[in-house]
Amino acid sequence: MGHRIQRRLAEFCPVEPFQDILAVGTYQLADPDCPEGTNPDDLPKKRLGRLYLQQLKDKSLVLLQQIDMPAILDLKWCCHSVQGKVLLAVANAVGQLVVYKLEVNSDLSPQLTALCQHSLGEADTLALSLDWSTRKDSSDDPLIAISDSKGKITLIQLGNEELKPQQSFPAHEYEAWITGFNYWNKNILYTGGDDGKFRCFDTREAPAAPVFTNRRQHTAGVTSIHGGTKSEHTVVSGSYDERVCLWDTRRTKSPVSDLGLGGGVWRLKWEPGPESLLLAACMHNGCHVVDTSGSRSTRWPPSRGTRVWRTGQTGGGRP
3 MGHRIQRRLA EFCPVEPFQD ILAVGTYQLA DPDCPEGTNP DDLPKKRLGR LYLQQLKDKS
63 LVLLQQIDMP AILDLKWCCH SVQGKVLLAV ANAVGQLVVY KLEVNSDLSP QLTALCQHSL
123 GEADTLALSL DWSTRKDSSD DPLIAISDSK GKITLIQLGN EELKPQQSFP AHEYEAWITG
183 FNYWNKNILY TGGDDGKFRC FDTREAPAAP VFTNRRQHTA GVTSIHGGTK SEHTVVSGSY
243 DERVCLWDTR RTKSPVSDLG LGGGVWRLKW EPGPESLLLA ACMHNGCHVV DTSGSRSTRW
303 PPSRGTRVWR TGQTGGGRP
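For the numbering used here, count along the sequence shown from 1 and bump the result up by 2.
These are calculated hints, taken from the structure and not from any lab test. No false leads were mixed into what you were given.
Below 20 angstroms or equal to it, Euclidean Cα-Cα: the simulated EDC-like pairs (lysine to aspartate or glutamate) are:
#1 Lys188 x Asp143
#2 Lys188 x Asp139
#3 Lys154 x Glu177
#4 Lys47 x Asp70
#5 Lys166 x Glu124
#6 Lys138 x Asp204
#7 Lys271 x Glu234
#8 Lys188 x Asp142
#9 Lys166 x Asp143
#10 Lys154 x Asp204
#11 Lys48 x Glu38
#12 Lys61 x Glu18
#13 Lys47 x Asp35
#14 Lys47 x Glu177
#15 Lys48 x Asp33
#16 Lys166 x Asp142
#17 Lys78 x Glu273
#18 Lys103 x Asp142
#19 Lys87 x Asp22
#20 Lys154 x Glu175
#21 Lys103 x Glu163
#22 Lys103 x Glu18
#23 Lys59 x Glu13
#24 Lys232 x Asp139
#25 Lys78 x Glu105
#26 Lys138 x Glu277
#27 Lys271 x Asp260
#28 Lys138 x Glu234
#29 Lys61 x Glu13
#30 Lys103 x Glu13
#31 Lys138 x Glu273
#32 Lys188 x Asp250
#33 Lys48 x Asp70
#34 Lys103 x Asp143
#35 Lys59 x Asp109
#36 Lys255 x Asp197
#37 Lys152 x Glu177
#38 Lys255 x Glu234
#39 Lys78 x Glu13
#40 Lys87 x Asp139
Keep in mind the model is a prediction, meaning the values are calculated, not measured.
Using the sequences and the hints given, assemble the complete structure.
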């Protein structure tokens, strides 16, 4: 069987004292089981995945656990413990949201165990991204937002070790590549889709009401969004068009600043703490660190595959 494993996602646990624990998710396209006389090219590939739990010890990563599952499209740790539990959420290629808890025993290595899961309901739906509402503030009943391949957003509440759907609504004409919370107001969700739209919704209404839609700034699918925890009105977006945009949500006709990175911007993440630096993982041309503070830009050695740019500096063109 032909197959290829791609390590797509990795995130260290942000909860003390477990910041040395790393979760890694993979995505594998494999040839389908092919009956005799059938051309495998006529059948859809199988999407397989694996979740690795690793620990950083003496500057090396030690494998603690691996779990086979459907291909993983996104994973995120909850930034605060929930009722004393350290939680990891995983979105996979069969439309499932699975929440794991980190089990810690003084005699054994940390392990993940499944706590609960929710299915989006359609077998051909991929869960593409997820976000927790609790990056800024803790909660015993956090919300999780999921975007999917049908262009929908689903809002789910975690309570008493159960996932309780709140609402699902259409947000994009094609794949909804990304969703993220306004961490100052959990009722506000940002979304990005393959239709090139960067959108915002108020989920206090059902279905969720659009707050704004920008369809002009990005010239290709919007693939990454991350709100700020230091500034209520700050959010960043990234796109297949190779550009990252810094927005003030009070004025969304155009961004405060935009920057070309020379590769489709698949994921964006603010640094912990001051949030002046922004990490961008691109589909090609490596990773970049963007300095949004306006200070003088610096650059990592090329061998590191990372560059630091000041917003407003040109760092690559449109495709």
